[in-house]
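Q: Can you make the complete structure from the sequences, with help from the hints?
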Amino acid sequence: RKEVEQDPGPFNVPEGATVAFNCTYSNSASQSFFWYRQDCRKEPKLLMSVYSSGNEDGRFTAQLNRASQYISLLIRDSKLSDSATYLCVVNPMFSGGYNKLIFGAGTRLAVHP
Amino acid sequence: DGGITQSPKYLFRKEGQNVTLSCEQNLNHDAMYWYRQDPGQGLRLIYYSQIVNDFQKGDIAEGYSVSREKKESFPLTVTSAQKNPTAFYLCASSPRTGGKNIQYFGAGTRLSVL
Chain A
20 RKEVEQDPGP
30 FNVPEGATVA
40 FNCTYSNSAS
50 QSFFWYRQDC
60 RKEPKLLMSV
70 YSSGNEDGRF
80 TAQLNRASQY
90 ISLLIRDSKL
100 SDSATYLCVV
110 NPMFSGGYNK
120 LIFGAGTRLA
130 VHP
Chain B
71 DGGITQSPKY
81 LFRKEGQNVT
91 LSCEQNLNHD
101 AMYWYRQDPG
111 QGLRLIYYSQ
121 IVNDFQKGDI
131 AEGYSVSREK
141 KESFPLTVTS
151 AQKNPTAFYL
161 CASSPRTGGK
171 NIQYFGAGTR
181 LSVL
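Protein sequence lines correspond, in order, to chains A and B.
Under the numbering used here, think of the first position of the first sequence as 20, with each following residue one higher.
Under the numbering used here, think of the first position of the second sequence as 71, with each following residue one higher.
If you are wondering where the hints come from, they were derived from the structure by calculation, not from laboratory data.
Check before you lean on any hint, since a few could be wrong.
Here are the computed lysine to aspartate or glutamate pairs in the EDC-like style, where the Cα-Cα straight-line distance is at most 20 Å [as the list claims (entries may be wrong)]:
no., chain 1, residue 1, chain 2, residue 2
1, A, K64, B, E94
2, B, K153, B, D124
3, B, K170, A, D76
4, A, K119, A, E22
5, A, K21, B, D129
6, A, K119, B, E85
7, A, K119, A, D76
8, A, K119, B, D100
9, A, K119, A, D58
10, B, K141, B, E94
11, B, K170, A, E75
12, B, K79, A, D58
13, B, K141, B, D100
14, A, K119, B, E132
15, A, K21, B, D108
16, B, K140, B, E94
17, A, K64, B, D124
18, B, K170, A, D26
19, B, K127, B, D108
20, B, K127, B, D100
21, B, K170, B, E132
22, B, K141, B, D124
23, A, K61, B, E85
24, A, K98, B, D108
25, B, K170, B, D100
26, A, K98, A, D76
27, B, K153, B, E85
28, B, K79, A, E62
29, A, K61, B, D108
Covered stretches of chain A, as calculated for chain B (at least 3 residues, CB under 8 Å) [claimed, not checked]:
no., stretch
30, 55-63
31, 121-127
Derived DEER-like restraints, expressed as beta-carbon distance ranges [said to hold, decoys possible]:
no., chain 1, residue 1, chain 2, residue 2, range
32, A, D76, B, L184, 41 to 51 Å
33, A, N84, B, S150, 42 to 52 Å
34, A, R78, B, N88, 18 to 28 Å
35, B, G133, A, K21, 41 to 51 Å
Every residue, glycine too, gets a C-beta built ideally from N, C-alpha and C.
A: In structure tokens form, the structure reads like this:
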């Protein structure tokens, strides 16, 4: 089983649609979670951290379900500019010393007019 | 402008050749990382460094080498021992390696074999 798993997509949605991605992780001790966005042939950029109580940033909402070991990203009112690959990222341990980030392979979103 | 600069953007390697990818940051971050990204796969960690003059192997270090002589710089050498070097190489940095460990990336170098 992969440490971080995502549906590769693509998710093809019209502008204005609401779309949700899920990501599952295998290490129950994981403490930090993130969503990164990666445009085609570009570097990943931090979209948002994911907090235990869930958090929102404009049209984006991230949620964490520790019991089922998954995180989700909801995008409301999709824009053409949201087209990208969304990477789920997990920090398996929270302690002193090096904390390795585990990257999912990404979910591709294509928003069309 | 603060950030992470990778060069070159594109690089071609001949058979048996060593090539070096540059990564410089002016964010005053302690930790730096090198990742490799292949199509349809997640980023895989090659090497990381938590502090100057110290670095550790990641998951796929074979065929690669690094140095960390200055806080700002973390060059990666792809040696001739790396038999499948074609990939997108990403350098990242973070203020420290503990805690949330939010990492910021450079624009990447695409390496191809001639």
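Q: For each hint, tell me whether it holds in the structure or not.
A: Evaluation of the provided hints:
no.: 1; hint: A:K64 to B:E94; verdict: holds, 17 Å
no.: 2; hint: B:K153 to B:D124; verdict: violated, 26 Å
no.: 3; hint: B:K170 to A:D76; verdict: holds, 19 Å
no.: 4; hint: A:K119 to A:E22; verdict: holds, 12 Å
no.: 5; hint: A:K21 to B:D129; verdict: holds, 14 Å
no.: 6; hint: A:K119 to B:E85; verdict: violated, 33 Å
no.: 7; hint: A:K119 to A:D76; verdict: violated, 25 Å
no.: 8; hint: A:K119 to B:D100; verdict: holds, 15 Å
no.: 9; hint: A:K119 to A:D58; verdict: violated, 23 Å
no.: 10; hint: B:K141 to B:E94; verdict: holds, 9 Å
no.: 11; hint: B:K170 to A:E75; verdict: holds, 18 Å
no.: 12; hint: B:K79 to A:D58; verdict: holds, 16 Å
no.: 13; hint: B:K141 to B:D100; verdict: holds, 7 Å
no.: 14; hint: A:K119 to B:E132; verdict: holds, 18 Å
no.: 15; hint: A:K21 to B:D108; verdict: holds, 16 Å
no.: 16; hint: B:K140 to B:E94; verdict: holds, 10 Å
no.: 17; hint: A:K64 to B:D124; verdict: violated, 26 Å
no.: 18; hint: B:K170 to A:D26; verdict: violated, 25 Å
no.: 19; hint: B:K127 to B:D108; verdict: holds, 19 Å
no.: 20; hint: B:K127 to B:D100; verdict: holds, 17 Å
no.: 21; hint: B:K170 to B:E132; verdict: violated, 28 Å
no.: 22; hint: B:K141 to B:D124; verdict: holds, 10 Å
no.: 23; hint: A:K61 to B:E85; verdict: violated, 27 Å
no.: 24; hint: A:K98 to B:D108; verdict: violated, 28 Å
no.: 25; hint: B:K170 to B:D100; verdict: holds, 14 Å
no.: 26; hint: A:K98 to A:D76; verdict: holds, 15 Å
no.: 27; hint: B:K153 to B:E85; verdict: holds, 9 Å
no.: 28; hint: B:K79 to A:E62; verdict: holds, 12 Å
no.: 29; hint: A:K61 to B:D108; verdict: holds, 13 Å
no.: 30; hint: 55-63; verdict: holds (count 4)
no.: 31; hint: 121-127; verdict: holds (count 5)
no.: 32; hint: A:D76 to B:L184: 41 to 51 Å; verdict: holds, 44 Å
no.: 33; hint: A:N84 to B:S150: 42 to 52 Å; verdict: holds, 47 Å
no.: 34; hint: A:R78 to B:N88: 18 to 28 Å; verdict: violated, 46 Å
no.: 35; hint: B:G133 to A:K21: 41 to 51 Å; verdict: violated, 23 Å
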